[in-house]
Every structure is written in C-alpha cells, then in structure tokens.
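Those protein sequences? They're chains A and B, same order as listed.
The letter at position 97 of the first sequence is residue 97 when you use the working numbering, and the numbering goes up by one with no holes.
The letter at position 55 of the second sequence is residue 55 when you use the working numbering, and the numbering goes up by one with no holes.
Don't take each hint at face value.
[Unchecked claim] Some but not every residue of chain A turned toward chain B, in silico, with C-beta under 10 Å:
hint	residue
1	22
2	25
3	77
4	80
Just so you know, these hints were derived from the structure itself, not from any lab.
All values reported here derive from a predicted model rather than from experimental measurement.
C-beta: ideal position from N, C-alpha, C; glycine also.
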Amino acid sequence: MTGYAVVLASEEFERVQAVSMIASVAASSDVPVEVFVTMNGLNPFETETVENMDFEGGRVADAMMSADTSSPLFTEQLEKAKAIGPLQVYACEMAMDVLGNDLEDYVDVFDDTLGVSGFLNRAKDKQIIFV
Amino acid sequence: MSETDIQADETVDAIGSACPGPLMDLIGKIKDVDDGTVVELLTGDEGSKNDVPEWVEEADHELLDIIDDGEYYSIYVKKT
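Same shape as in the complex, but just chain B (with noise of 0.2 Å):
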C-alpha cells in the first residue's frame, strides 16, 4: 500500500471499467472543474496509467503523482 501526501479536490472511480472509459470519464470531469483543481482517477485498467500521463501532457494538465494501491492505481491530475 503505498501513500501520498497529495489531497483530491475530486475522486473519479473508474474501477472495474477498461480501456478507454477511465481516460473517457477523467476527461469528463476535468472539463467540469475549475483550474487547479486536483482530480484523483482511481483505475484498475493498466493501460491507462500509460495511457492518461499521455493524455495529461497533451492537453496541458499536470500529472502530479500515480500511486500504485496493489488493487488499482491512484492517478492524480491537476487542471491547468
């Protein structure tokens, strides 16, 4: 279990849901929250702890840490 100092604003469980619908409903919530808001994505899917910093980087959000719970990743963006 590992542990982050980091606290989310908002938490999207997408656990349980597989390419592409953790990425589809992160991106979903960021464009409802205002700038600097941390949004936490909580995904058991591994592709998308590949695949959401490369989302992130694009679009120009910070990636500020991805946790990995055993059971799932934590991944937490910051909207910029």
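Isolated chain A, as found in the complex (with noise of 0.2 Å):
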C-alpha cells in the first residue's frame, strides 16, 4: 500500500472536514494522499460557499464553527498540508459540468480537474476511502 484515494462525494461539512484532517496528517506525514471530490462533495468548495461559512451539517459542524479553540477550516487545513506533504486535490469533471461550473468558482485548493479513469489511475496502488 503506497498511500490513499480518498473519493469525498458528500457536502456534509463534518465528513469534509474529517477528509481535510486525515489526508493531512497523512500527506505531512509522507504518505501520498490523493483526493477526488466528486458530486456534492463539490458544493462546500465554492467560492462563495466558504466566504459565507454556508456549510451543511449537523451538531458536530454547529460546534466546531462557534468553539472558542477551533480546528482549521478544512480548505486552510489542506493548503497547509499540501505545502508540507504529498497531497493532490481534484475536483470531478463531470459534477462541474452537470452544475455549470469550472475551477475559477471554486477556492483555490484543486490541483486539476479528473475524471473517472483518472481517478483509478492514481487510485491504482492506494487504498480506496469513499466518504
């Protein structure tokens, strides 16, 4: 096993959030970490999604964005991890398509753009997490 393909296909901000932290402890720790966020999971990578900390979710989410020690928000959690570790973010073609969107309505943490086929090429020898 040389690392993880994590495939983030829900917009729940706890589960997004959970991504961001183990891919980067994992990435900072050497392990290569692939990302594919792919269906919803898009949705919370908006631009204007974050600047209005508009996130779906439940009691977890309510308590991490008004806590006094907070953990970082999960688009800081991997630009941080991308600069310390191997961590490549990409974001699915086709959900763009489907919504009308490129890469310019999203918050800079996407490497590329991917499909399928590109996913399981770099998924090839890692372990498969779909969150």
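With the hints as a guide, bring the two chains together.
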C-alpha cells in the first residue's frame, strides 16, 4: 500500500472536515494522498459558500464553527498540508459540467479537474476511502 | 504545575488550536530541524496527548516526556 485515495462525495461539513484532517496528517507524514472531490462533495468548496460559511452540517458542525479553540477550516487545512507533503486534490469534471461550473468557481485548493479513469489510475496502488 | 529537567531546543506554541492543528505544527517543525533536536509542543488539546505519541512512534522519533501544566500540556519530542 502506497497511500490513500479518498473519494469525497458528500457535502456534509463534518465529512469534508474529517477528510481534510485525515488527508493532511497522512500527507504531512509523507504518505501520498489523492483526494477526488465529486458529486455534492464539490458544493462546500464553492468560493461563495466558503465566504459565507454556508455549510450543510449537524451538531458537530455547529459546535466546531462556534468553538473557542477551532480546528482550521478544511480549505486552510488542505492548503497547509499541500505545502508540507504529497497531497493532491482533484475536482470531478462530470459534476462540474452538470452544475455549469469551472475551477474558477471554487476556492484555490484543486490541483486540477479529473475524470473517473484519471482517478482510478491514481488510485491503482492506493487504499481507497469512500466518504 | 509540573516540572521537567528537559531542555527544549525549539518550542511550538499550538495553544488554542484544535485537532489536528498541534500535530500538524509539530510535524512541520520536526521536518525543519536536525536530528537530535528536542522540540517542545505546547497544546491545550486533550486529544493531542494521545495522538502525538502515536505519530511519534510511527515516525520513529523519541517521546521524551509529557508534562501536564494544568492549562496545557508540554510534549517533548526528540527527532531521531
């Protein structure tokens, strides 16, 4: 096993946040991580959504956003980790097409867009985590 | 107030940041310093006192001590 390939298909704040934390700690420890953000998983990465902190979530999300000691937001977390270790974040081309979006509609954490074949190629030697 | 004889070469102040902030800050610092350097991590995050030792062991560094200062923990790690 040479790292993790994470599929993030949920817009739930807690899941997005958990993916950013696990991916970041792994990459910081020199374990390669590819994150493929697809389906509704893309929604929380829209620039407007991040600016308004308009996330879908439950009790933990509410508590995290109002806590005194806060975990970094997933966007900052991923950016920081990318500077330290082998972490790539890709946006699903198909989901973006359906929404009529391009990469400029999202915060600047994506390395590129990617399709299913591209993801599977990058995931070949990795353990896949589906969120 | 607990005390230790350990002298840190570098201090990482992660008080006020929650999981995985303190660990990430420590990893960043450990990457920057030479072997043998003792890094002190200051954190108020309860999870860090269990999670940091797990990382230290996996990354083959040395956990020297964890001091409970009441308000926060001082975790001493030697890069090996």
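Hint check:
Hint status for residue 22 of chain A relative to chain B: holds, with the closest Cβ pair at about 9 Å, below 10 Å. Annotation: interface hint on residue 25 of chain A holds; nearest CB of chain B at approximately 5 Å, less than 10 Å. Checking residue 77 of chain A against chain B: minimum C-beta separation of about 8 Å stays under 10 Å; hint holds. Evaluation of the residue 80 of chain A hint against chain B yields a held restraint, the C-beta minimum of about 7 Å falling below 10 Å.
Every hint from the earlier list agrees with this structure, and none is contradicted.
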